[in-house]
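Chains as they are written, first to last, in the working numbering: chain A, 1 to 656; chain B, 657 to 995; chain C, 996 to 1107.
Hints listed in this document are in silico derivations from the structure and should not be mistaken for laboratory results. Hints are supplied without guarantee of correctness; some may be wrong.
[Claimed, not checked] Now the in silico label distances, taken between C-beta atoms and shown as ranges:
id : chain 1 : residue 1 : chain 2 : residue 2 : range
1  : B       : Gln892    : A       : Ala494    : 49 to 55 angstroms
2  : C       : Pro1046   : B       : Asp798    : 42 to 48 angstroms
3  : C       : Gly1031   : B       : Gln892    : 23 to 29 angstroms
Even for Gly, the Cβ is constructed at its ideal location relative to N, Cα and C.
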Amino acid sequence: MESGSGQSGAPVERVEPYPDPAAEARLRRQLEETWHVPAGFLGWFAVTDHRTIGRRYIATAFVFFLIGGVLAALMRIQLAVPDNHFLGPDLYNQVFTMHGTVMMFLFAVPVMEAMAVYLVPLMVGTRNIAFPRLNTFSYFVYLFGGIMVIVAMLVNSAPDAGWFAYVPLSGPDYTPGKRADFWAQLITFTEVAALAVAVEIVATVFKMRAPGMSLNRIPLFVWSMLVTAFMIIFAMPAVVLGSTFLLLDRLVGTHFYNPAEGGDALLWQHLFWFFGHPEVYIIFVPALGMVSAIVATFTQRPIFGYRAMVLSLVATGFIGFGLWVHHMFATGLPQLGLTYFTAASMIISIPSGVQIFCWIASIWRGHPRLATPMLFVLGFIAIFVLGGLSGVTLASVPFDLQVHDTYYVVAHFHYVLLGGAVFPLIGALYFWFPKITGRMMSERLGVLNFWTLFIGFNVTFFPMHILGFQGMPRRVYTYPAEMGWGPLNLVATAGAVLLIAGGALFVFNAVRSYVAGTIAGDDPWHGETLEWATASPPPVYNFLHIPVIEGRHAMWDRSLAPPVVTGLRSDCREVLITDVMGAEPVHAYELPEPSIWPFLCSIVTSAFFVGSIFTPWALPVSILPLTVTLIGWFWPKPHPNLRGDQPLVRPVEAEG
Amino acid sequence: MRGRSTRPHAACVWLSQFLMVLTVGCAGNQSMFNPQGPAARRIADLGLLMIAICLVVYLVVIAVAAWSLLRQRQASDDSAQTTARLGAIVAGAVAVTAAILVTLTAVSAAAGRGLTSPTSQDTVTVDVIGHQWWWAFQYRSDKPQDFVTTPNELHVPVGVPVILRAQSRDVIHSFWVPNLQGKRDLIPGQITTTWIQADRAGVYRGQCAEFCGHQHAKMAFVVVAEPMDAFQQWLQRQRQPAAEPTGDQERHGRDVFLQSTCVACHTIRGTDAGARVGPELTHVGSRQTIAAGTLPNSVEHLRMWVANPPSIKPGTRMPPHGLSPEDFEAVVSYLRSLE
Amino acid sequence: MAEGKRLFTLYNCAGCHANGGGGMGPALMDDKWIYGSRPPNIFESIVEGRPNGMPSWRNKIPDAQVWQLVAYVQSMSGQAPAAAMPSRSDHLQSGTPENNRPAQTPIQTGTP
């Protein structure tokens, strides 16, 4: 037995587990009851368990991914041949705007946050995510925002000014109706949801790690999600501000973007891209964490250069905020400023390069096993490095002035987003599917899935580099036959067919494996991080005993009888709060029970957001219901076990 | 079992990617790799250099990654010495990366500096005014009555830098003729400047490169480069008012034009038609294209366009005519006569 | 309505009617309607012209565009659903944005 002291001075007892089995069984039953997930119809709306919310988030994000994919298919059909009449310009404009909007706001960021919601509490060794009711609220706000914009699409009112909605085109004069208002309000929905999850991630990672998981022992995936969460917190406000200005211009008659009255059309671009560039790193950095997790497990070696990897993640997060003007090189800004942003856009390749080199070094000294997740990582390397290099060329102002707003840029960002984020994501889903569902995905189908996606992706997007060189601009609903762009466009459409097949194959594999896959067991891959220490799927309470971490690789550095934390109550939802640097225990904290109020609050919030598009009365009318739901949400629960003056939050006590 | 059966998989992954990279196409009108002027040539050279460097880097990275995957493992791989050596190699790779990036930044900045100002002081200045979904090119002069506005067709003298002062009447557009220069946005409320120069006589196509609404896809223009004296002659001809119609049908066409919806939007200098909603038609017969580069300028295409513009450019503000067939033919022949 | 607003400027209706405040021509954003405020009345005013200076635009503006102008003219006095009316324009502010104007009950002041 060892004991240590928390900051409060109270002793923490770290005992070897496996006391008598009867006590274990009793503990298990009690934890199951305390942490139970509410059942029944109403219970579904009240769940605050991070695994359930994480699963819902992932599933919902994938539905939006499929919708975005269908929209892309429509675009490719229209562009397959010159002068096509499959989609007219109005419909095409809505389709390509929705494709970008759905993919960026409703799929890419939420799915990465969803993986964090599911995995981070497990990886840091705690029972639930911080602020669980906020988590529930965030999911429903996201869901309602997505539903709003899909319904708008179905009634021919989808936004049609591009996912970036430049003014004055998206302003009151040039986009009549409510289309751009739906777009701007979708931003508000998804920003609120994303900020909520970001705050939870920061709090969980900083304050709820298992004892012994000091900063230099945090898994690389958790580091990547921490960096991402900070990027979200700093980037999202810019676009919230910009979209609010747009809404005010459109609905109330302000002049933020009206040059004739002192506004500026470029203000929009600065506000949007100050968010927009970190946004792509918000999507990309979690994938870097996933790649690290997969490479470590499938080479059975720690990732080479842990400190360099962490610093690269942090550096990417910082430098990512200094690049945004490279989206505006054609607007005639002063030369000195442009040169600065060229330099910054080049420099950000260095941390990414460090990561690639460290992974290659890890592969070099490890014993690679080419299971499906590892295949996707290899595909990521092949595709992302190409995308990163085309990005380096785009950093050059003269070159950018030729290829900006052409299909070269479309090729570039699909290489870095699909290759750099979606391939690791699919690999990560193959990797963590056993943990989430308890069953393995089919390896044979997985290999086929990989090759379909890999070949389909390259056939679709590589020709677009050449189309860009040949002068084909973006966002065009058709092109003349005499430009000679027809053949390559047809090739790209053919590749898209393969991509769709790959997507369908993934869904098929997932569904079939969910129903009838091989039972996985706790740790089918001999993983490195803590989530593999508990059952698959994890019980509602995550871990029977909160573990004490003995090294950087929680599973590989574990002793034969690893120490655990005792003293946490199992009759209420208590978690251990530890300190930021060394994860020394500080105190125990009771998380709130599941509740229907976050869902009700999200209903009122969504009604307010949607209503304010149509009438300014939405604000005063919503204030009262909002207050009521917030009161219900935060109503303090009388502690059932309070004995006299005992405070709710108390230091962990040693048990006899 | 350890990966032996799946090594060919890995090799295929790398190989296919590598072959993909080798195919780069060029040539053609509106291709940036078919430069016809000094600015575009500088950019094309820079582009080729960067692509070559990136290709080499890519191949090296993929090759090293493939080798790392396929190599024979040794017991010494886990030793501290190997780890230290790996560290040194990674650090070296990062240093090489940084050096390449610094070089690319410097090369790009150098190319950029040569692109900001025109090659000489003898320049011609043209105003570019973007509308939804057509271009107006205005040649100023000392005498205001000598101003020339040509829609959708920009004539430039060969070998002379032409400064373009770009502005927009509505939303953001972008002026881009890849054979000659990088693009420049047209932003309402500001005037942005760029310059182009054609070193060879010819016709170069350009297109709007910033999404501007329904017909962004069909907002093209042509740049006609001709020797200086031909250019001056053209300019002089453009300054003339519209040609007097010679035949009866053309005369009738002019009357119909002036009495129907056409006159509400179009200017024909020398007649009473002075509206500035749509492009100026004073010399429409001599243009290479109509409808903002969408159609070649022939009788058939002119008929198609005037008969039903929304069928060719859905969303356009130009309505279908409401004329009888004879009046319609008369108007078409009148427009054809406006050389 | 938004298209009508654009046409209002392009066809220089503002030359006489300003941006609703009138001038040589009567104001269009108040509640006084000489020839009737219903869409057919407005359509006729534009197409036929009216005494005292309103020109006839027959054959000058196609019918479809006249109806767009009719819709916009109605919105100038707040006679349209608020959610459909245009907001501020991208020019110098010449008056309250249409969707912020109070709806005026039309008063007939002449014989249609």
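To see whether the hints hold, each was checked on the structure:
1. Gln892(B) - Ala494(A): 49 to 55 angstroms: About 53 angstroms separates the Cβ atoms of Gln892(B) and Ala494(A), which means 49 to 55 angstroms holds.
2. Pro1046(C) - Asp798(B): 42 to 48 angstroms: holds, 46 angstroms
3. Gly1031(C) - Gln892(B): 23 to 29 angstroms: violated, 54 angstroms
In this structure, the one hint that does not hold is number 3.
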